[in-house]
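Given chain C's structure and the hints, the job is docking chain R onto it.
Okay, here's what each chain looks like letter by letter:
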Amino acid sequence: MADELVRVIRDDEARVNVTWKMQNGDLPDPVFRDSSENDVKGWVTEAVRNGGVPGIPADRDADFRDFVVDRYPPTEARPYNLIQLRPKTAFGWSNMRCPNCGQVHE
Amino acid sequence: MIETGVVISIHHEPIFWHEPGGRSGGALPDSRTLWDVLWQANRDGWLSGFAHTHPGGGLPGPSREDISSFVAIENALGRPLNWWIASSDLTVLVRKALMDSMPGREVYGRSRVADPIWVPELRKRSQMGSPYR
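Residue numbers (numbering that gives the first Met the number 0), protein chains in the order written: chain C, 0 to 105; chain R, 0 to 132.
Please keep in mind that the hints were generated in silico from the structure rather than gathered at the bench. The structure displayed is predicted, hence computed values, not measured ones. A couple of the hints might just be wrong.
[Unchecked claim] Derived DSSO-like pairs: lysine-lysine, alpha-carbon spacing no greater than 30 Å straight-line:
#, chain 1, residue 1, chain 2, residue 2
1, C, K20, R, K95
2, C, K40, R, K95
3, C, K40, C, K20
4, R, K95, R, K123
Excised from the complex, chain C in its bound form (with noise of 0.2 Å):
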């Protein structure tokens, strides 16, 4: 009898990684691949607020609005997409994103 179940995860699921206070870890559940940025962002917000990650103590202060998803594809060595939550990196006075259009413009 195993120790432990494992979910599998399927191909139009993906695995969620975020990264907070210098600790890093996934959501238990799958989601659905194609999720929304803002609807990744709000599961990951209410996880960790409540301790819900593996790995990354409760903060009830957590806000994740300026980070940034990367979807990545199946690999050899990870055989599930994974989708992982940044802090975002941009820089500068000009790629703000139009509050009409969400766009950023030059």
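Then chain R, alone, in the frame of chain C:
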């Protein structure tokens, strides 16, 4: 002039010159590579902060884009960093004002500093990328 960045070690040395494709005279685009460098340097205990150039001369100040990236990166790393901004003739150091900051309401202070030793190279690389040099 084209915006250029550099990751700085605790020994005041450049670790990584950040000259990504897609940068312009007013912006450094989001970069997974820069985040990977910051994460690794911080994990190895080498990271002091990040510097970037702003166009023109005079006393530079952080943009809203700069500040929101400072906050996000510091939240991910779990500690404040040093953030230098260099114009063509002056350099400032921007740091989180710990006593005045609250989660979601971070406050940053700006101090004029003498040019660190790596600033001339940063300005040079910033000029080299310019079509107007």
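Hints, verified against the model:
1. Pair hint K20 of chain C plus K95 of chain R holds up; C-alpha atoms about 16 Å apart against a cutoff of 30 Å.
2. Distance hint between K40 of chain C and K95 of chain R is fulfilled; the C-alpha atoms sit about 24 Å from each other, no more than 30 Å.
3. Distance check on the hinted pair: K40 of chain C and K20 of chain C sit about 16 Å apart at the alpha-carbon level, within 30 Å; holds.
4. For the hint linking K95 of chain R to K123 of chain R, the alpha-carbon distance of about 28 Å falls within 30 Å, and the restraint holds.
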